[in-house]
Amino acid sequence: MESKKVMEEEEEMWRREIVTSVMRIVSTRLPQRDLISLLLVSPWLYRTLVSYPSIWLNIDLRERTNAGDRLLAALSLPRYRQVKHINLEFSQGVEDSHLQLVKSQCHDALSSLECLNLNGCQKISDSGIEAITSICPKLKVISIYWNVRVTDDCIRHLVKNCRNIIDLNLSGCKSITDKGMQLVAESYQDLESLNITRCVKITDDGLLHVLHKCSSLQTLNLYALSGFTDEAYKKISLLAELRFLDLCGAQNLSDEGLGHIAKCNKLESLNLTWCVRITDAGVITIANSCTSLEFLSLFGIVGVTDRCLEALSHTCSATLTTLDVNGCIGIKRRSREELLQMFPRLICFKVHS
Amino acid sequence: MTKEMFTLKSSDGFLFVVDEAVVHQSVTLSPMVQDCAGREYPINNVTGKILNLVVEYCKNHVVVDGGDSSSSSSSGDALKKWDDEFITQMDLSTVYDLIMAANYLIIKGLFDLACQRVADEIAACKDHEEIRATLGIVSDYTAEEEAEVLKENEWAFD
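Quick note, the sequences are listed as chains A and B, same order.
In terms of the working numbering, the first sequence has 153 at position 153, counting the first letter as 1, and numbering is strictly consecutive.
With positions in the second sequence counted from 1, the corresponding number in the working numbering is that position plus 1000.
Some clues are possibly wrong.
Heads up, simulated DSS-like pairs for lysine-lysine below, C-alpha to C-alpha not over 25 Å straight-line [as the list claims (entries may be wrong)]:
1. B:Lys1151 to A:Lys84
2. B:Lys1009 to B:Lys1049
3. A:Lys213 to A:Lys123
4. A:Lys140 to A:Lys234
5. A:Lys266 to A:Lys140
6. A:Lys103 to B:Lys1151
For the record, the hints were derived by calculation from the structure and aren't laboratory data.
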């Protein structure tokens, strides 16, 4: 009887070990809700899971209500001491006061934070950014999409507190000016990704600061910025590592400007939607230089003809998988079948709606 | 050209004769191709029951993985279907053992497949009580302890 009981206990211990090992392995694939539910399953599972900080590196509060309060509650738990990613995208109820409370109550909790997503957190202003950035010195990626309150001051706080930013998304932060860009250029010379979509106050001056200093840029998003001119566009050629360039709406961009941009020969993705001054000449310089192109939109450009597609098919047919030539009335042969003949690897024919 | 055959021996003494293409799918076993042709290679922490499943998986993945990367989508679909059936017919306890084996032998496709099965089982549960039932775990929590853990983590739930 006794030995049977001991065997049963040993078997149970062995089972628990397997279950814990498996859960630890699987936990990295589980969404937050399921992962935390595992803590409620059994105390031995709780104890083992919280002892592995590597599975508690994310706090996901996307689209949640009362996200500010939820964030404070999460950060008060020791298991999140090494958190690396916090996502508050499109959440509600995140205000400067919450971020100030995080600073005063959880000031050690963000010492490992690398990525902060504040997309759509429209109530936050410069002072909230000052508070949160002051306690995450290792921050590398920050995204503040669609916040019209933040000004150049928020960039001032950012460059002061976070010296290691490589990815900055200010899409829709309409109050940012050339001053902000100058600060970015001076402080983030290793910047790899910059998104200033719709930051309409930025002029050639501001962009030029960035182009001259941030030579490691791989991604540059200038979507819906129609105020730039060739003076700035030409200097995009300084970005030798550029892979992704969005120039949607660049109505002043000429073939000459595009010719300079073609020097970025590692380009994989180029959006020229509504670049209405471009003709075959500009696109052909791109075709001859950017032979790794995978994504190209010429949407709405009436000045390009079949000639430019011919040039592209000679150099980019092995790599091009997305080509949008809707509205390109100068191109006669652009049915799906005709495009597939020239570019056999195409899978996407429409980028712009 | 004769195919090289290798003999794998499970922890409980079962022998499995497999060819090179199967062995190569395991990063752990791959180097043995140089040394072990004709000898028995012991796999000390995998039982015959599980090794049988591992070999079955690898045999089925030889044709596609060994070919070029632009294999037709229909053969890719057929393989996916086979994978789904393969992993769904197993009970969870077997899936756990398969995860541990694929982890040790470093067979990425099998490892991912088995882990995803467990993740899917958990995702299908509406709460921690259902997870307990599905995983066959009896909880040691007292009512107070459980309430405490729930409170500590209520921020994560709606």
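Going down the list of hints, with the structure as the test:
For the suggested pair B:Lys1151 and A:Lys84, the alpha carbons sit about 24 Å apart, so the restraint of at most 25 Å is met. Pair hint B:Lys1009 plus B:Lys1049 holds up; C-alpha atoms about 12 Å apart against a cutoff of 25 Å. Straight-line distance between C-alpha atoms of A:Lys213 and A:Lys123 comes to about 32 Å, which puts the hinted pair past the 25 Å bound. Between A:Lys140 and A:Lys234, the direct Cα distance comes to roughly 28 Å. Violation of the 25 Å bound is thereby established for this hinted pair.
The suggested pairing of A:Lys266 with A:Lys140 holds, with an alpha-carbon distance near 24 Å, which does not exceed 25 Å. Straight-line distance between C-alpha atoms of A:Lys103 and B:Lys1151 comes to about 23 Å, which keeps the hinted pair within the 25 Å bound.
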